[in-house]
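Colleague: Work the whole structure out from these sequences, hints included.
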Amino acid sequence: MIQRINPQADFIAIEHKILDFWEKNNIFQKRREANTGQPKWSFIDGPITANNPMGVHHAWGRTLKDLYNRYKAMDGHELRYQQGFDCQGLWVEVEVEKELGFKSKREVEEFGIEKFVNMCKERVDKFSGVQTEQSKRLAYWMDWDNSYFTMSDENNYTIWGFLKKLHEKGKIYRGSDVVPWSGRSGTSYSQMEIIEGRKLVSHKAVFVRFALRDKENEYLLIWTTTPWTLTSNVIAGVNGNLDYIKLQAADGSIYYFAQENLEFQRLDKQFKEKKQWIEGVPKLKTIEQIFKEHGGYKVLGTIKGSEMVGWAYDGPYDHFDAQSELGGFPIVDEKLKAQGSCGKSQHQVVDPGKDGMGNDIVVGGEGTGIVHMAPGCGDIDNKIGQKLGMVSIAPLDEESKFTGNFGWLSGKSATDEKTVQAIIDDLKERDLLVYVEDYPHVYPHCWRSGDELVFRLVDEWYINMDWRDEIKKIVEEINWIPEWGREREHEWLDNMDDWMISKKRFWGLALPIWTFDDDTYYVVGSKEELKSLAVEGWDEFEG
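Position 542 of the sequence shown, counting from 1, maps to 542 under full-length UniProt numbering, and the rest follow consecutively.
Think of the hints as simulated: they come from the structure by calculation, not from any bench.
All values derive from a computational prediction rather than experimental measurement.
Calculated pairs, SDA-like style, for lysine to any residue (alpha carbon to alpha carbon, straight line, at most 20 Å):
hint, residue 1, residue 2
1, Lys285, Thr225
2, Lys215, Asp251
3, Lys292, Leu432
4, Lys504, Glu95
5, Lys72, Ile481
6, Lys30, Tyr68
7, Lys354, Ser306
8, Lys136, Gly61
9, Lys337, Gln386
10, Lys344, Leu432
11, Lys418, Thr224
12, Lys246, Gln259
13, Lys246, Gly310
14, Lys204, Pro444
15, Lys98, Arg448
16, Lys246, Glu288
17, Lys215, Ala312
Here are the simulated distance ranges between beta carbons:
hint, residue 1, residue 2, range
18, Gly365, Phe541, 54 to 62 Å
19, Glu122, Glu154, 16 to 24 Å
20, Thr302, Arg488, 39 to 47 Å
21, Asn52, Glu154, 22 to 30 Å
22, Glu122, Ser324, 49 to 57 Å
23, Asn26, Glu122, 26 to 34 Å
Note that CB positions come from ideal geometry on N, CA and C, so glycine has one too.
Modeller: Shown next, in the form of structure tokens:
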């Protein structure tokens with residue numbers, strides 16, 4: 001029989017009535033028992049970080065997950081019904097820092113790491129409870145008394161076991177690499193983590209000149225969007241197959257740069273396609289326009305990039321002590337030290353060749369066709385430096401500030417606009433600055449704290465990913481829906497670097513790696529193994 005619907009229905013009250021009925025009559029448990037012994041259906045519930053109340057996007061996701069589970073239950077499957085909470089990591093740390101009014105990693109250390117970690121755990125305990133009640137209110141069916149927590153001993157010791165197996169296969173190593181780094185958070189990020197933090201911003205980009213040592217009043221024309229990295233320059237890259245122009249400016253100075261760059265309209269194509277430009281930022285000038293505005297120019301000829309290889313030059317900051325440190329700074333390559341190599345002694349033009357995908361590393365178009373390379377400040381630069389036997393000069397500390405071997409810049413933040421302007425003013429005063437512009441581009445930021453990332457040379461622990469083909473075989477065994485997920489996974493595996501597993505933070509998994517004076521190390525794979533190796537302090541650890 002059709003019944004009249006009350007137009008004044010209180011839907012919230014109706015929802016509570018249904019939830020109360022389910023709870024009093026144990027409906028969820030009866031639903032589970034009805035399918036005991038039937039074909040199993042396993043749905044992996046990716047955990048929410050137990051850090052704040054759920055947002056509407058979490059509610060959408062959980063509603064869709066609940067639909068899958070209910071359908072499979074009605075279809076006669078036995079379900080696992082276990083959901084979880086992501087507990088550790090920088091997300092939680094940042095919120096606790098906000099509570100305490102902290103602005104840096106150093107303040108956490110002064111406050112006390114143990115107290116800080118306990119506050120992180122308390123926050124997780126609090127908001128896992130809040131999220132549970134919110135999920136129940138959504139009528140999300142889960143075995144709430146059996147939720148998993150990533151901070152649990154079970155999870156952490158399982159990861160220890162995984163790392164132990166990798167160590168036994170020779171896949172764990174300690175190495176130095178240039179990685180994205182947040183000065184605000186005092187930690188590094190993998191390339192995967194920085195994808196979410198990319199923003200379209202404008203930076204001060206500079207055209208500067210490097211004086212050629214054996215050619216009076218002749219210069220390499222260099223362009224960079226990160227003037228702070230000029231302090232750590234070691235080499236300059238060209239493309240041996242490109243034609244380079246020899247141009248005389250109105251003041252008699254002679255410059256070398258890629259011929260096609262003279263009239264090239266930079267970023268014209270990119271921003272026409274995307275139809276966006278940062279408000280207030282003027283369109284970029286061609287190199288030809290820049291020289292015309294400075295009195296004109298005369299083309300004296302051209303030269304192949306291959307003929308420039310080996311040219312020696314003076315860097316803009318060779319007077320800083322770091323440029324004279326044998327073997328590099330602060331991480332010293334003992335072999336290069338024994339050879340008497342330092343930054344300024346290695347200043348020369350090189351052809352870095354091609355990348356792993358077969359593409360030229362140095363190309364015409366953007367910039368000048370001559371790339372300033374600082375192996376201590378860039379991922380690609382670092383790889384090229386290692387291949388060519390170059391030192392690395394790493395100028396920044398954990399807060400992205402210049403360290404003590406960089407003269408008047410020591411203690412200044414590399415990403416601070418005042419620091420950038422001071423570098424530009426210094427280059428201008430010493431007659432090394434050719435032109436400065438506002439350059440719009442997509443640049444990585446910390447997706448948690450929002451600060452600009454730098455690229456910093458660090459000493460970290462890694463998983464060697466030379467076994468990716470084994471993983472790809474497993475990928476092929478999976479039925480992907482939609483099918484394009486398979487290709488996306490393969491692409492991700494093909495392009496990922498070795499996996500950095502160490503983080504210089506506080507609230508996270510403790511790596512079970514013990515190092516010795518001779519630089520060897522040992523990986524513990526379980527709680528039982530740790531106990532068997534413990535000399536003292538086990539009771540305190542277990543407590």
